[in-house]
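Asker: Can you make the complete structure from the sequences, with help from the hints?
So in my numbering the end of the sequence shown lands on 84, straight run, no missing numbers.
Treat the hints as calculated values from the structure; they're not laboratory data. The structure presented is a predicted model; accordingly, all values stated were derived computationally and were not measured. You can take every hint at face value.
Straight-line C-alpha distance at most 25 Å; calculated SDA-like pairs for lysine to any residue:
| # | residue 1 | residue 2 |
| --- | --- | --- |
| 1 | Lys84 | Ala40 |
| 2 | Lys62 | Ile41 |
| 3 | Lys55 | Ala37 |
Cβ-Cβ distance ranges computed for the label pairs, FRET-style:
| # | residue 1 | residue 2 | range |
| --- | --- | --- | --- |
| 4 | Lys9 | Pro33 | 52 to 62 Å |
| 5 | Pro16 | Ala74 | 37 to 47 Å |
| 6 | Phe77 | Arg7 | 58 to 68 Å |
| 7 | Ser80 | Ile6 | 57 to 67 Å |
| 8 | Thr81 | Arg5 | 57 to 67 Å |
| 9 | Pro57 | Gly78 | 16 to 26 Å |
| 10 | Ala60 | Ala40 | 22 to 32 Å |
Even glycine gets a Cβ: it sits at the ideal position worked out from N, Cα and C.
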Amino acid sequence: MPKSRIRKKADFTPPPAKTATNLKMTSSGWVAPVMLAMFAIGLAWIVLFYVTDAKLPIEALKNWNIVVGFGFIAAGFGVSTQWK
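Answerer: Next up, the structure:
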């Protein structure tokens, strides 16, 4: 019985990887300051509400001042999604 020919396959070489040199991987200059400002405003709002026994920042809102403070903090987290 004749021997089969052994086929020599070329070694697999992966295609060259695409580099990210042309992609902008930095965030805009406004993202970090706005994010930190939102966190600070929200924290200051809640602390001011508790320290002044609900007289400040807006007395008419009563306990909704806490929701406003956490709203600022949540907005800060929303802005943080833009940070790269």
